[in-house]
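Asks: Each chain is listed here by its residues.
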Amino acid sequence: DAGVIQSPRHEVTEMGQEVTLRCKPISGHDYLFWYRQTMMRGLELLIYFNNNVPIDDSGMPEDRFSAKMPNASFSTLKIQPSEPRDSAVYFCASSLPTAGGTQYFGPGTRLTVL
Amino acid sequence: AQSVAQPEDQVNVAEGNPLTVKCTYSVSGNPYLFWYVQYPNRGLQFLLKYITGDNLVKGSYGFEAEFNKSQTSFHLKKPSALVSDSALYFCAVRGSYNAGNMLTFGGGTRLMVKP
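Chains as they are written, first to last, in the working numbering: chain B, 6 to 119; chain S, 363 to 477.
Be aware that a few hints might be false.
Partial pick of chain S residues on the chain B-facing surface, computed with a CB cut under 8 Å [claimed, not checked]:
| id | residue |
| --- | --- |
| 1 | G405 |
| 2 | I413 |
| 3 | F452 |
| 4 | F467 |
| 5 | G469 |
Here's a subset of chain S near chain B, in silico, CB distances under 8 Å, partners left out [as the list claims (entries may be wrong)]:
| id | residue |
| --- | --- |
| 6 | F396 |
| 7 | R404 |
| 8 | L406 |
| 9 | F408 |
| 10 | S458 |
| 11 | G462 |
| 12 | N463 |
| 13 | M464 |
| 14 | G470 |
Listed next, with one range per pair, are the computed distances between beta-carbon atoms [what the hints assert, rightly or not]:
| id | chain 1 | residue 1 | chain 2 | residue 2 | range |
| --- | --- | --- | --- | --- | --- |
| 15 | B | E23 | S | N430 | 46 to 52 Å |
| 16 | B | Q85 | S | P477 | 46 to 52 Å |
| 17 | S | G391 | B | M44 | 28 to 34 Å |
These are calculated hints, taken from the structure and not from any lab test. A virtual CB, placed ideally from N, CA and C, is assigned to each residue, including glycine.
Turn these sequences into a full structure, and let the hints guide you.
Replies: Okay, here's the thing in structure tokens:
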């Protein structure tokens, strides 16, 4: 299996622009998670899905952030409009629905907002 | 609510010496415990987990962790450290009463192994 795939790996944009991050989970994994990692705040869970349905989005910072999972093999995290404080590494992870299911992480997208 | 504490921001050890990275947790129900490693500019990589059974869990790259229920701890260990083990290590937990598969991660411990 190719593992969790994220694109792009790096994104540089200007403040006010729309940014879309993409994720393809491991085939057969019913759970999908979006995290953000910064030096100041560490690793934060933004939102997670079960069977394509958002379950908990309490970690989404504000209305500028939105996430969708239109099917079992694809999810997007969108920031509109982007701000410099959104600069971070964004990770996607997926897991099986079993008790104690291991989350497997993608390589991340490094976002820089100028 | 569930929480994880990694009390050390950084652990320094000489190559060849044993290493320990500490983790304590708080959950409702039985704990499912995980260790991940992150190398520079990479995603988190799964090392090992405790779900049930033997308290000593063996994982990748010679790492092991010991589950201690009375002390609510799950310390990561390795008998002989390598320079290549230098990385950021995360402990994570999920309680069996937690309906989703959501993990709570600790703040991370940076391991520095010096030659």
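Asks: Against the structure shown, which of the earlier numbered hints fail to hold, in ascending order?
Replies: none
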